[in-house]
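The whole structure should be built from the sequences, with the hints applied where relevant.
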Amino acid sequence: EADIYQTPRYLVIGTGKKITLECSQTMGHDKMYWYQQDPGMELHLIHYSYGVNSTEKGDLSSESTVSRIRTEHFPLTLESARPSHTSQYLCASSAPGGGMAFFGQGTRLTVV
Amino acid sequence: AQSVAQPEDQVNVAEGNPLTVKCTYSVSGNPYLFWYVQYPNRGLQFLLKYITGDNLVKGSYGFEAEFNKSQTSFHLKKPSALVSDSALYFCAVRAYTDKLIFGTGTRLQVFP
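Chains A and B supply the protein sequences, listed in that same order.
For what it's worth, the working numbering labels the leading residue of the first sequence as 4, then goes sequentially.
For what it's worth, the working numbering labels the leading residue of the second sequence as 36, then goes sequentially.
It should be emphasised that the hints constitute simulated quantities derived from the structure, not laboratory data.
Everything hinted at is true.
Partial list, computed: chain A residues near chain B (C-beta under 10 Å):
1) Arg12
2) Gln40
3) His47
4) Glu59
5) Gln91
6) Ser97
7) Gly100
8) Phe105
9) Phe106
10) Gly109
11) Arg111
Far from chain B, some chain A residues (derived; all Cβ distances over 10 Å):
12) Thr18
13) Glu25
14) Thr29
15) Val55
Every value quoted in this text rests on a predicted model; they were computed, and no experiment measured them.
C-beta: ideal position from N, C-alpha, C; glycine also.
Quick look at the structure:
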């Protein structure tokens, strides 16, 4: 069982609200990732981090921002949610050396 | 740039028959290749990986995958499909950048 947790699992929120999706892992992994998953199923990398104080934009442009102040914590923030942000957000972490990534259960966000 | 292609949106197979889910990749250098499975409303679960060594890799739940360098492919296979194998399957590649890039996913439907 992977030790990576995302909260909340489901979130319905109004347009214009600020939200933070939480992601924490207890495996001490340096690398962490955020993916956005379309309703159809495709996964897009939106942010990643190689360690504390390291964050990079992924391949899909996103209005969200991330921070990495502690190794175990990689929250994602939307300053002003819009209906176009409705999606599933998946967090993952991996050990160095090309190892497998562990995924959280995901947060399904609906902006109304 | 690294990329992964899964040419089939959906694969249908009868229970007890062999299954193949196709994946091809493009990456500079030696690839690290992965297969993940996603069940409804869940995160991704690791199935198997190829880093070096034998071209035939065995993974969880009776799945295996064959690495073919000349065809740049990493097809997922199982000798005898189960209805419970029905899920979304994602191929992924990691290259020197350490980003983990996913294919578009293939929905496997196993019919009784």
